[in-house]
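Residue numbers (numbering that gives the first Met the number 0), protein chains in the order written: chain F, 0 to 510; chain V, 0 to 469.
Treat the hints with care, as some may be off.
To be verified - Capping the alpha-carbon separation at 25 angstroms, the derived lysine to any residue pairs in SDA-like fashion look like this:
# : chain 1 : residue 1 : chain 2 : residue 2
1 : V       : K7        : F       : E113
2 : V       : K184      : F       : N42
3 : F       : K84       : F       : V153
4 : F       : K266      : F       : D241
5 : V       : K466      : F       : V153
6 : V       : K437      : F       : A41
These are computed hints drawn from the structure, not numbers from a lab. Nothing here was measured: the structure is a model prediction, and the numbers come from that model.
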Amino acid sequence: MENTQHFLTGYYRDSVALMQLSSKLAAQEGVASASAQMATAANLELLVNAGLLDQVVPARPNDLLLVIRASTAAHGQAAFEFAQKTLDEKPSGGGPEKPEPPRSVEMALSAHPESNLVLISTPGEFAAAEALKALKQGLNVMIFSDNVSGAQEVMLKTYARDHELLVMGPDCGTSLIGGVPLAFANVVAAGAIGVVGASGTGIQQVTCLVDALGEGICHAIGTGGHDLSEEVGGITMLAALDLLAHDNNTEVIVLLSKPPARSVALKIIAAAKLVPKKVVICFLGAVEQLDGSNLSYARTLEEAAMLAVGLLRPSRKLSLTGRLVREKNQLDPHRTKGFVRGLYTGGTFCYEAQILLQSALGEVYSNIPTKGVKKLPDLWTSVGHTILDLGDDVFTRGKPHPMIDPSTRNERLLKEALDPQTGLILLDLVLGYGAHEDPAAGLVEVIRQARESAHKGGRRLEFVGFICGTTKDPQGFEKQASTLRGAGVILAQSNAHAAEMVQYLVTGRLL
Amino acid sequence: MNNFLTSKTQVINIGLASFSPPIRSHGGTSVDLEWRPPAEGNSASGLALAHLMNDGKINAANQVALERYQAAQPILVGVGVAREELKGLGPRMLLHSGPPIAWENMCGPQKGAVLGAIVFEGWASTLLEAESLVAHGEVKLDACNHHSAVGPMAGIISPSMPVWIIENTTHGNRSYCNMNEGLGKVLRFGANGPEVIERLVWMREVLGPTVKSILQHLGPVALGPLIAQALHMGDEVHNRNAAASGLFFKKLTLAGLEILAKLDARKLKDTLAFIAANDHFFLNLSMAACKVMLEAADGVENSTMVTVMARNGVDFGIQISGLKGRWFTAPAPFVEGLFFSGYSQLDAARDLGDSAITETAGVGGFSMAASPAIVQFVGGTPADALANTRRMLQITLGQNSAFTLPALNFGGCPAGIDVRKVVDSSILPVINTGIAHKLAGIGQIGAGITHAPLSCFVKAVEALALKGVN
């Protein structure tokens, strides 16, 4: 072990700088220990106590003392040169100050006091707390997250109602406020139709079809899928209806829901009756209606869009056939043998298809059965006509939603193709912000594999689908349509229309 | 009526950052939070916190607490003897730093200091005897903070020690701190050899009485302006007290010379030499000043303002104004920093001492911008020091305009830690501090920066939520 000492004159440094130098020196190759200190009497004594100096030497308080203990003289010399180089270095500038990103709603609001909405997509267990903090700051909230308890939803929505704020969600996939898309939304024209939906894909379907019909949307307000339950009582739909009723840009209002609780549906219809604007109501699966001169009822999402545009432009002839890929008369109703397997990524599409197909096809199974449909006993094995919502938690657990990550549906599709009873596969393809950047490309590859495996079994598989999107969406409606068409998918103009085609192919009858 | 639909959509986005670009490209604005689950990921505590956030009663209570802290005037009124000044200090009681702790659980330096103090008080003649006394419960131990007192590092205050007496002339409360022994082998780092006891005796017999006489002549010394001046001279009055110690020394020297006739010249010279040799002499005054200001803010119902942060080398404890006297503790962290030659992290004790009272009051680490030299302990730059101070503004209720920082354009230091803001943002209070050797008696082995552990703040929020807002 080589122990060397160097006194350096003209290098006064404060103790912190010297402690830094000591630690850098100690980290040099071959250095066992090192010290850089001003050679004051006190420091020299410390060095003796620490065993770095054998004896106290005369103090030289204005000189810097380096003590280096190295394994070889060469290492010691290198460390000494390193120390000299470090001491002679010019300090670099501090660099520009970078603002730190906000860590809480409170911090973000103090930096951006003009904020008026907090969009929450945290894991569900944390979402209610963030929402409450936002509400308590007087901010509106959209909760994309799911897995928020009913009690928490009621707590948040009650607070919001009492403070004239809006809570969209939990489990709210889509909103469009003044043309600004929130979460999963399509790029649609601006216009005079306002939508309130307890269904993300329902909103997407109606806004896309309104766009396809040449009209536009002013606002689409998602309420979250549980808003029309008995427990929540439609608090957000009532609040949103009121906002649209008072909104100067809104001329026609569309209310959408998956199958609602009866009492809640009636409460909302009663409120809608009092609105001095035309209101189209599309509560899937609900049979009760209240008469009102301003109310119209739609059985399907497509019908809701048609009615809304019709009410806004009574003289216009409406047609969606521009989106049709094949007319019904080009279809051969006897080509399809076997059962229908609906593999949906949109939950509302799944409900709508069940409602439309159960009367035509008889026994239908689903993981989210609506009235008259049977619960699929084993969710992983289809039985008879089965229509699935693959965005349901049981399928997505630990994975992104199938609109983002298609693997859940792809795997199921290949599994259905191996089932000799499968005759027709019904699919949705959702475009817009948040969705997969090119969903058709991956899907047609899986369709090819599915056809191949059916072909090996001597069977033929039919594919019917529709695209929920617009020509302005980032994925491009035309590009997606032509990819699917190229794979032989029969494309319908809407989900309702797709269900109609399926019925025709299976039964030969029209709805 | 909610004007949400007619206003420009301006979003705070928590979670998926991919939601922001479409908002921006369609005429809205969106700011992404750097979000992490609050309250250490305990969603129940996080929800309890949400109920406390922006609560009108809490906000009003915090305003009261903050105003009381700001209105407090810490004045050094004299030097006294601990047993005569500190309420509740029993005849055979020793005070220690941090939250309460039993003898057997104390860290090495605190144990060493307890034994040294027992010998110093003459309750035992050897350290072995001292250990037997304390182990048999014949010496009572209590936290300094229970007696309006604070002590650096081991923080031992024994009955015959001289103490600084600080009075808040606005509200009339008093606080106390022992006198600083200097560096090297000292009691506060657990050293307890003969030279340590000798120095303590000298401090009791000479330093205390001499300074007391000088102060009697000098009159009350306002510590607020002195701290404010030191903050403009490169101190943050926790880990760097060179300027403040110099300023205080100037005051004492002239006053001492003025009453030279009444004093023993040798004792005055020794006293001044002792003070002049110690750049940390002012630390104990800074701590007591901070304590008296924060105690003025204590006991305001519903207030979430932190009034104490203290460590005993095992636990880190905090107290909040609205739950007066209750400790919320978590294991004390280690300190990241630089070590004196011959020592490393392996030798270090956990964070120790009542000196985090300075950060609680908005100086120390919170005023790091005033003292860029400090940030070098963790290899930082002056920009980092400023960033630390700015970050602390996010977890404090306001700024103390009595303590301005040039780097903040002479804005006040961040003051009044709000437990809610800490738990909500997970921004932890930053603390500048010395590092003690984990064994008794070796002394200071380095200095650096550490952060208060989050879980004591979470516990405080949980206790507040349980108690409810009245």
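Outcome of the hint check:
1. Note on V/K7 and F/E113: the hinted pairing holds, with a Cα-Cα distance of about 9 angstroms set against a maximum of 25 angstroms.
2. Between V/K184 and F/N42, the direct Cα distance comes to roughly 13 angstroms. Compliance with the 25 angstroms bound is thereby established for this hinted pair.
3. A distance of roughly 67 angstroms separates the Cα atoms of F/K84 and F/V153; the hinted pair therefore is violated under the 25 angstroms criterion.
4. Restraint check for F/K266 and F/D241: the C-alpha separation of about 13 angstroms stays at or below 25 angstroms, so the hint holds.
5. For the hint linking V/K466 to F/V153, the alpha-carbon distance of about 24 angstroms falls within 25 angstroms, and the restraint holds.
6. In summary, the hint linking V/K437 to F/A41 is supported, as the alpha carbons are separated by about 22 angstroms, within the 25 angstroms threshold.
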